[in-house]
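Visitor: Sequence:
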Amino acid sequence: MFFALIVKQLKILSRNPLELLVLLLMPVVLITILSVALGPIMDGNSEMLDLDIAVIQHDDEEAQLESFIKKANESMPIDEKLKGNLKQMLPVTLLLDQLTGNAEMKKFVTVKKLNANELKKARKSGNYDVIIDVPKNFTDEYLSSVFLSGSKPSLNVYLDEDQPVTSSITKSMLDYFQQQYSLLSQLSSSSKLDTAVKIPKIVVASEIETIANQKNISSKIYYTFSMSVMFILYMASTIASLAFLEKDMNIFDRIILARIHPITYLGSIIVSTILLAMIQMTILFTVSHFMFDIQFEQFGLYVLITFLLAVIVGALAALLSAINYRNNSSGASNIFSAAIISILALVGGSFIPVSELSSFLTSLGKWTPNGAALEAYLKLQQNATFFDIQEQVFNLSMLGMGLLVIAFVLFPRRGGIS
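In the numbering used here, the protein residues as written are 196 to 613.
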C-alpha cells in the first residue's frame with residue numbers, strides 16, 4: 196500500500212505538465228541569463244578592486260630584536276645609536292607601514308592581523324586575497340643575515356589564484372618592499388659596523404603558494420548549481436499544494452477509512468518528493484553538462500549532496516502539508532513559494548555570492564538548504580574531498596532530520612477538516 200501511495204503522488208504531478216515545465220525549464224533559462232549578465236563580474240573582468248590581506252606573526256618582533264642584539268654583542272658592539280637604527284629596520288613593521296601608511300593604498304587595501312593558530316582557518320575561509328605568514332624567528336634571522344652573514348629568511352605568501360589581478364599587484368608590492376628595504380639596510384647600518392664586516396644586499400625571499408590548487412568557478416558553474424538548489428525547493432511547495440488538494444477533495448479521509456495510518460500517507464509524500472527532487476536535479480545536471488560543459492568528476496559525492504538536499508525537500512513538503520492540513524488552507528505552501536524561497540535564495544547565495552555582502556549572511560547561509568548544498572557543489576567543482584565538505588554534509592543532515600521530526604509531530608492523526 197505504501198508503494199501504491201507513492202505511485203499515486205507521482206501520477207498526480209505527471210498530470211500537471213505546466214508545473215513540471217516550470218521546475219525544469221526555468222532554471223536553465225535563468226542560468227543562461229545570469230551567466231551572460233553577471234559573467235564579466237564573476238569571472239574577474241570587473242574594474243573594481245578590493246584587496247584583503249591577512250598578516251600572521253608567530254612571535255613578537257621587539258622580542259626578536261632583543262634576541263638578535265644579545266647574539267650580535269658577542270661578535271661586535273651594538274651601541275644605542277645602532278640599536279635605534281635597528282628598531283627602524285624591523286622588516287614586518289616596515290611592511291605593515293607600507294601597506295597601511297599610504298592614504299591611496301588604504302582605499303583598496305585592507306590589512307588584518309591574525310593569530311598564528313588562525314592560519315589554517317584563514318586559508319580555507321576564502322575571505323582573503325593574500326595571506327602573509329611571517330615564520331617564527333623571522334626578524335632574528337633577517338637581521339642575522341644582514342649583519343652576521345646568516346641564512347636568508349623567507350616569508351610565506353599565499354595568493355588566491357582565482358584573482359590574477361590581485362596576485363600580480365601583491366607580487367609587485369612585495370618586490371618594491373624588498374628593494375626599498377635592502378637599500379635601507381645598507382644606508383642605516385654601513386656607518387656603524389665594524390669595517391671587517393661586509394654588508395650583503397639582503398633579499399626578502401617569499402615562498403608563494405596558491406591558497407588551494409582549485410579550478411576557477413565560472414559564472415556558468417556558479418549559476419548552474421545556485422539555480423538548481425533554488426528551484427528544487429519549489430518541488431516542496433508544489434507537492435504540499437497537491438497534498439492539500441487531496442484533503443480538500445476528501446481523498447485523505449478515504450485513505451484513513453481504508454485503515455491506512457496518516458503517518459504512512461505522510462511517508463509517501465516524503466518519499467515521492469525525494470524521488471521527484473532527485474529526478475529534477477538529474478535532468479538539470481544532465482542538461483548543464485551538455486549545454487555548459489559542467490563536469491561531475493566525483494560522482495558519488497554529488498549523489499550524496501543531492502540526496503541529502505532531496506531529503507530536506509521531502510521534509511519541507513511534509514512540513515508544509517502538515518501546516519496546510521492543520522490550518523485547512525494551502526497558505527503555508529503558497530507563502531513558502533512566493534516569499535520564503537526568495538529569502539532563502541538571497542541568504543543562500545543563489546543570486547550573488549553572499550560573501551560579497553556580509554560575513555553574517557555567509558554564516559547564516561551555511562544553515563539554509565540551498566546555501567549548504569551550493570557551497571558543497573562548488574567545493575566539489577574545485578576537486579574537494581569528503582573531508583572538505585563534511586561541514587556541509589553535517590548541516591544538511593541536521594536540517595533534514597530536524598524538519599522531518601517537526602513534520603511528523605505536526606501532521607494530524609485523523610481525517611476531516613480541523
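To be clear, the hints were calculated from the coordinates, so they are not data collected in a lab. Predicted model only: the values in this text are computed from it and were never measured. Hints should not be assumed to be uniformly reliable.
[Unchecked claim] Listed next, with one range per pair, are the computed distances between beta-carbon atoms:
#: 1; residue 1: Gly279; residue 2: Leu559; range: 47 to 57 angstroms
#: 2; residue 1: Lys316; residue 2: Lys206; range: 42 to 52 angstroms
#: 3; residue 1: Ser550; residue 2: Lys315; range: 45 to 55 angstroms
#: 4; residue 1: Asp448; residue 2: Asp488; range: 11 to 21 angstroms
#: 5; residue 1: Leu559; residue 2: Gln585; range: 17 to 27 angstroms
Here a beta-carbon is modelled for each residue, glycine too, at the ideal position from N, C-alpha and C.
Visitor: All the hints need checking, so say for each whether the structure fits it.
Guide: Structure-based check of each hint:
no.: 1; hint: Gly279 with Leu559: 47 to 57 angstroms; in the structure: holds, 51 angstroms
no.: 2; hint: Lys316 with Lys206: 42 to 52 angstroms; in the structure: holds, 50 angstroms
no.: 3; hint: Ser550 with Lys315: 45 to 55 angstroms; in the structure: violated, 19 angstroms
no.: 4; hint: Asp448 with Asp488: 11 to 21 angstroms; in the structure: violated, 51 angstroms
no.: 5; hint: Leu559 with Gln585: 17 to 27 angstroms; in the structure: holds, 20 angstroms
Hint compliance for this structure: hints 3, 4 are not met, and every other hint is.
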